[in-house]
Amino acid sequence: MYITTQKGGKGGQFRYVVLVEKFWDPQKRVARSKVVERFGRLDQMKPGEFEALKAKYQQASADKAAATQAMRSETAHSLLAVQAGSGKRPKSARLNYGHYALKAIWDELRLPAKFGYLQKKTRIRTDLNAVISFLVFRKVLDPASILRSFQQKDAYLGNPAGTDDLTSYYDAYDFLKENKETILKHVNKRMDEAYGKERATLVFYDVTNAYFEAPLTDAEMEREQTDYAERFEEAAEMYRGCGEIDPGRWDSEGKLNVESLSAEEVEKIAGLKLQYLRARGPSKEHRSDLPIVSIVMVIDKYGFPMDFEVFSGNTSEFKSMRPVITAWKKRYQIKEAVVFADRGINSAENLEMLRSLDFGFLVAQKVTQFSREMEKKLFEEDQYQPVNPVNPDAGRFRVIPDWTKGTGDKAVKCTLVLTWNEKRARRDNAILDALVRLIQAKQARGEKIGKNRSAWAQLVKTEKDVEARIIGVDEKALARRRRFAGYAALVYSAAGPQGNVEGTDSEAQEAGANADGNRMEFPMAGTYKKLTEIETCFRIMKTNLGLRPMYVWTSEHIRGHILVIFLALLLVRIVQDRLEKAKAGLSIDEICEGLRDCEVAAVYNPAADSYLYLPTARRETNRKAAPWDSNQRLRARHETGELEIKDNGDTIMQACGLSPVPALCSRAELARCLGTRFPTDADAVPEIIRLQDQKASL
Numbered sequence: 001m002y003i004t005t006q007k008g009g010k011g012g013q014f015r016y017v018v019l020v021e022k023f024w025d026p027q028k029r030v031a032r033s034k035v036v037e038r039f040g041r042l043d044q045m046k047p048g049e050f051e052a053l054k055a056k057y058q059q060a061s062a063d064k065a066a067a068t069q070a071m072r073s074e075t076a077h078s079l080l081a082v083q084a085g086s087g088k089r090p091k092s093a094r095l096n097y098g099h100y101a102l103k104a105i106w107d108e109l110r111l112p113a114k115f116g117y118l119q120k121k122t123r124i125r126t127d128l129n130a131v132i133s134f135l136v137f138r139k140v141l142d143p144a145s146i147l148r149s150f151q152q153k154d155a156y157l158g159n160p161a162g163t164d165d166l167t168s169y170y171d172a173y174d175f176l177k178e179n180k181e182t183i184l185k186h187v188n189k190r191m192d193e194a195y196g197k198e199r200a201t202l203v204f205y206d207v208t209n210a211y212f213e214a215p216l217t218d219a220e221m222e223r224e225q226t227d228y229a230e231r232f233e234e235a236a237e238m239y240r241g242c243g244e245i246d247p248g249r250w251d252s253e254g255k256l257n258v259e260s261l262s263a264e265e266v267e268k269i270a271g272l273k274l275q276y277l278r279a280r281g282p283s284k285e286h287r288s289d290l291p292i293v294s295i296v297m298v299i300d301k302y303g304f305p306m307d308f309e310v311f312s313g314n315t316s317e318f319k320s321m322r323p324v325i326t327a328w329k330k331r332y333q334i335k336e337a338v339v340f341a342d343r344g345i346n347s348a349e350n351l352e353m354l355r356s357l358d359f360g361f362l363v364a365q366k367v368t369q370f371s372r373e374m375e376k377k378l379f380e381e382d383q384y385q386p387v388n389p390v391n392p393d394a395g396r397f398r399v400i401p402d403w404t405k406g407t408g409d410k411a412v413k414c415t416l417v418l419t420w421n422e423k424r425a426r427r428d429n430a431i432l433d434a435l436v437r438l439i440q441a442k443q444a445r446g447e448k449i450g451k452n453r454s455a456w457a458q459l460v461k462t463e464k465d466v467e468a469r470i471i472g473v474d475e476k477a478l479a480r481r482r483r484f485a486g487y488a489a490l491v492y493s494a495a496g497p498q499g500n501v502e503g504t505d506s507e508a509q510e511a512g513a514n515a516d517g518n519r520m521e522f523p524m525a526g527t528y529k530k531l532t533e534i535e536t537c538f539r540i541m542k543t544n545l546g547l548r549p550m551y552v553w554t555s556e557h558i559r560g561h562i563l564v565i566f567l568a569l570l571l572v573r574i575v576q577d578r579l580e581k582a583k584a585g586l587s588i589d590e591i592c593e594g595l596r597d598c599e600v601a602a603v604y605n606p607a608a609d610s611y612l613y614l615p616t617a618r619r620e621t622n623r624k625a626a627p628w629d630s631n632q633r634l635r636a637r638h639e640t641g642e643l644e645i646k647d648n649g650d651t652i653m654q655a656c657g658l659s660p661v662p663a664l665c666s667r668a669e670l671a672r673c674l675g676t677r678f679p680t681d682a683d684a685v686p687e688i689i690r691l692q693d694q695k696a697s698l
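For the sequence shown, my numbering assigns the number 1 to the initial residue and increments by one for each residue that follows.
Calculated directly from the structure, the hints in this document are not laboratory data. Note that the coordinates shown come from a computational prediction; the quantities given were computed from them, not determined experimentally. A portion of the hints provided could be inaccurate.
[Claimed, not checked] Capping the alpha-carbon separation at 16 Å, the derived lysine to aspartate or glutamate pairs in EDC-like fashion look like this:
id : residue 1 : residue 2
1  : LYS273    : GLU336
2  : LYS189    : ASP107
3  : LYS442    : ASP474
4  : LYS335    : ASP358
5  : LYS273    : GLU233
6  : LYS114    : GLU178
7  : LYS180    : ASP650
8  : LYS583    : ASP650
9  : LYS301    : ASP577
10 : LYS22     : GLU669
11 : LYS448    : GLU463
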């Protein structure tokens, strides 16, 4: 109960002081309030009387809360106590509530309403929003297969999965594949509202792959993609828009006549490898024995994922860029953007394609493949200028305007930016030292070198060129590699119709340095370091969110699984951003561990047939604060205050607009902390746990 004022009198001209009590209406399932006592008009009260009333009932509420807490503690103590000689040992289920932090962001993205709208167009009767959100939250909390997630759905507070039908989980993957484009457009619209449309002015593009623990590829199993014909026509339409397929291949109704395609046109489309999805290819994780799929990701300049596409595992990285970027531009109506990519997709054909779309590019360039003339310019140290004179560790750079990438008709003019960094030089030399030790160890074991393209194989000295015994390190090759240590290069072209075609000195100046030439400007400043942004996202997807191995095999379920991972990545990135803004920055590992640690023990009271909720913690990661310390050292650091073990779960909850769970609380208090409603214990505790508790109490 609390004191407040209400309008009253003719036209609401007076304020009346009232005592109000809140209560839950079980019929309509809403919170209501009622006036318990009235104290008259506010303007007719004596000075200080209103404040005295507020203080009185605030104290009464505090006393009541303290008495309630004491009673709960006594009840919990009696429930948890072991009765001497009885042999009974009460067991309370631990329920995770970390998903409520993710749900708060999920709701802000308005995904429940979007999924509800899309579901109306299907025959699915299960709550798809509940199933999909649970699968996404699980990827953050405890990534596993669909079956494993279903089996463990009762380990969570509030029944987030919302269904007992395993088939619905697989139906959800089909639904996600069919509605991927609509879902991503909705999510990006909400992200634009929160972070601004300028987040797409600089995007990161890269490719990774993920493996399946299966012996055969789709081609070996003769399992064609179910939407192969549709994807074939989409690819033909894309090449038609680029002028690479004759428009006469389509009839008057716009239908593609496949038989009229020339052999060259069919080969061009076949290069995208659309017929089969799971295939063997160059695995990023060296799993050449297993089938893989390739995943292309587009990430905005803040590190939030924007879009993705899935290709066959043996699709060339060079081939996949055109369809992804073309579709991305059309889908989100992007007029101008700078695409930032690693050297893996750096080809004159791709750069010209970006230029044709009015996109700029900022792409890593391999320095060891320069011509002799450009190599000479690379090592002209007196032509470099500091990135930032105030911070020498930032390195130095040099702008080369009118540089030509490629030859002949495919040549592209752009700006070349050469950079050198001391930290990068130390890293490169450390890698070379490790390779030398590896070669020496192989030499000592008498190993031979085969047709190996690994980095260490390029530094090996042998009696013959291939398949010969290793006799040492090629000092000449090693010296050349050391000379390039610390150097890196980027090719750059501005966005817009003109791009960087002319490559004027003034344009290069604007791209690389400010008017007095003292430091690099955006988007050049620190951009080489930004290459790790998308690599970090791939690492998170694989290490933290369970991207691989995949436990699904149809093309629909594979794409649905990757969309679930994509949404999970977006959620944890938003959580991380909010923590940084709250000056409580945490790594993705710490966020996932902190949310896993958010648990309550549901303590059953058979006398009242109800539950009390006691926060618990696994504390599995406490050692991360001091992994090498002995217990004695830990105790000493703890006593001096040097060692601090933080409760990251509470920090994350607060960053997401929720409250830490108190030491011992009721169902209503727990719900209030988590921003939800638990009208009954059945809404909080899974049915199977309540049945077990009731049986154990008999």
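Evaluation of the provided hints:
1. LYS273 x GLU336: violated (29 Å)
2. LYS189 x ASP107: holds (14 Å)
3. LYS442 x ASP474: Given that 16 Å is the threshold and the Cα spacing comes to 14 Å, the pair holds.
4. LYS335 x ASP358: holds (7 Å)
5. LYS273 x GLU233: holds (13 Å)
6. LYS114 x GLU178: holds (14 Å)
7. LYS180 x ASP650: violated (33 Å)
8. LYS583 x ASP650: Within the cut-off at roughly 14 Å; holds.
9. LYS301 x ASP577: holds (13 Å)
10. LYS22 x GLU669: At roughly 13 Å apart (the allowed maximum being 16 Å), GLU669 and LYS22 satisfy the hint.
11. LYS448 x GLU463: Judged against 16 Å, a Cα distance of about 10 Å means the pair holds.
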